[in-house]
Amino acid sequence: MWDYTAKVMDHFRNPRNVGTIENPDGVGEVGSLACGDALKLTFKLGPDRRIADAKFQTFGCASAIASSSVLTELIKGMTLDEAERVTNQDIANVLGGLPEQKMHCSVMGREALEAAIEYYRSGGKRTAHVLEGKVICTCFGVTETEIERVIRENNLHAVEEVTNYCKAGGGCGGCQDQIKAIIARVHGEPLKPEAPAPPKPRLTTIRKIQLIEEILEREVRPMLQQDGGDIELIDVDGDRVIVGLRGRCAMCRAAGFTLDGLVGAKLREFVSPELVVEEEKS
Amino acid sequence: MKTIYLDNNATTRVAPEVAEAMRPFFGELYGNASSMHSFGGQVRHHVERAREQVAALLGADPSEIVFTSCGTESDNAALRGTVEAHAGRRHHVVTTRVEHPAVLSTCRYLASHGCRLTELPVDREGLLDLQMLEDLITDDTAIVSVMWANNETGVLFPIEEIARLCQRKGVAFHTDAVQAVGKIPVDLSRTPIDLLALSGHKLHAPKGVGVLYVRKGTRLAPFILGGHQEGGKRAGTENVPYIVALGVAADLAARHIREEVTSVRTLRDRLEAGILASCPDAHVNGRRDQRLPNTANIGFEFVEGESILMDLDALGVCASSGSACTSGSLEPSHVLRAMGVPFTAAHGSIRFSLSRYNTQDEIDFVVAHMPPIIHRLRDLSPFVPKAKA
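Each protein sequence line maps, in turn, to chains A and B. Just so we're aligned: the first sequence equals residues 610 to 891 in our numbering. Just so we're aligned: the second sequence equals residues 5 to 393 in our numbering.
Please keep in mind that the hints were generated in silico from the structure rather than gathered at the bench. It is possible that part of the hints are untrue.
Unchecked claim - Stretch-level coverage of chain A by chain B, calculated; a stretch enters the list once three of its residues show a Cβ under 8 Å from a Cβ in chain B:
| id | region |
| --- | --- |
| 1 | 621-628 |
| 2 | 649-657 |
| 3 | 689-697 |
| 4 | 720-733 |
| 5 | 827-838 |
By construction, the Cβ of each residue, glycine as well, lies at the ideal position given by its N, Cα and C atoms.
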């Protein structure tokens, strides 16, 4: 049982500003069904260039819904420059605090706001600003930019904290060393020399291909097939695994996520932690 | 507000008869069961009576019952004790991907200490491929561990068949029967199971007591050293009040087993049918005709489980969820993922688990209140219009 504040419970039970604005000036969509939470934020500017109205739709737990709800209240009446300075900590503060493991809900709110502002400034061309840059956590699609930002804004020092704030490192855990390095860099600490990694047993290429086929068959294909899709192994080049998506997967909007989050994670878990999955160029 | 408790796979209420039976052991009957005087000796008598009661429920011999502190201890002891007894001669451990962490974590620990581990996959309905199991058992296999009933979905594995297969192959077979005992008939006199774990608090005894059944002749290293108690396998002064409690609970379970598979099942089916009829885009996780009679695991598309639980909680209804937010991790339940339940439904899965203490009024209350909860949360969800478009 989470220890939610009365304010969180109030906004969860009686969320304010639910819905979407028709012909909005800003739209920000972050998260996904696969991630377990998602937020769509829309706003409209008034004649005074301040946010006149803001609405949200959220899929997620009580703290995700409450974070979204207070966000809409918080930004109404703000200029975009003011709104841009809203941090996840501001959202959490209005709620009287969130459990540490739920801080990512407040970050999701700030990300959606940022994406909506970006949408407005680019004339509707761009939304997911935070998704730019190198993806560090492939399980949850978290970029280096985003990780640096939560570390700086919330003064984080441990990988576990970064996971609580933006989920990075909370899936297969394969990126935790990279997160550690980012933390050190943000805080300007010299990187401690790592103990030399134990030598890994080398897979022969044949064995690697066999294993990949096996894992695709056992772990991946059944999940895709029930959604009307399929996957085919095209080539293995060193640690690059090239696959083709078939059926409904081929046209699925979330295909990038399927590859990284599902196929990549499974192959790294069961075959070799170095593998990178790419889609064949058609 | 009245509590409607539909989370009996998590824990159960202590039966009033059980609580009553424990009382004297916190008062006048405080003797040590191992003492040579009759003051302690009378306590020994109660411990042995409890052993007989548990043995009777399982169709076992009292000498095969080892009292432990919980189901998790029993699972740990069975797996580690068997591997240790093989003294490095057999290295292979077989289990399934949907086991409770008590088994899965122990198996993975063994794998990091020199064992080879195979985790059997399950299909979309949560069922195993027995041919696959048969094919991968080798001369090197030390133990096969397959749960009797899944705690999340209630799916039952064909334990009698698997036990006979392992017997034929000459491999030790352990089953985590924590969710099965007390809910469905278990008869070890007809089923060649070597090791079985059960937990007191899942069958109306208090938390803090469990059993490891060890079939006569099974090789098992002792797991707590330091005394002669429990046949030298599990040393330490007996937890007398809790052992007595478990004995009484086992006795009650044996007497109520018909009720569990009939009236509890009827209530579960009523709950499930009611919810499925009134909530669109909801479906049952797990093979429906091969499940515990008390468990319903329902996936609600486009909504998140913790939110559903909180709304239920506001009405006094206790259930649980396999969603990421409630599993304490960021990913949904390993059981639903192993079954390939789509993320859309895994995050919104709710487990209702009943007991013989539930009433039809309670079930009807939940059925009536479920649609507005789901409706409210779907109204908030950005995925619904897209999915409906």
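Hints and how they fare:
Check result for the region 621-628 of chain A against chain B: holds, 4 residues qualifying (beta carbon to beta carbon below 8 Å, three or more required). Using a Cβ-Cβ cut-off of 8 Å, 1 residues of the region 649-657 of chain A lie near chain B, which falls short of the minimum of three, so the contact claim is violated. Counting residues of the region 689-697 of chain A whose beta carbon lies closer than 8 Å to any beta carbon of chain B gives 0, which falls below the threshold of three, so the coverage claim is violated. Counting residues of the region 720-733 of chain A whose beta carbon lies closer than 8 Å to any beta carbon of chain B gives 0, which falls short of the minimum of three for the stated coverage.
As drawn, the region 827-838 of chain A meets chain B at 6 residues by the rule of a beta-carbon pair under 8 Å; at three or more, the given contact holds.
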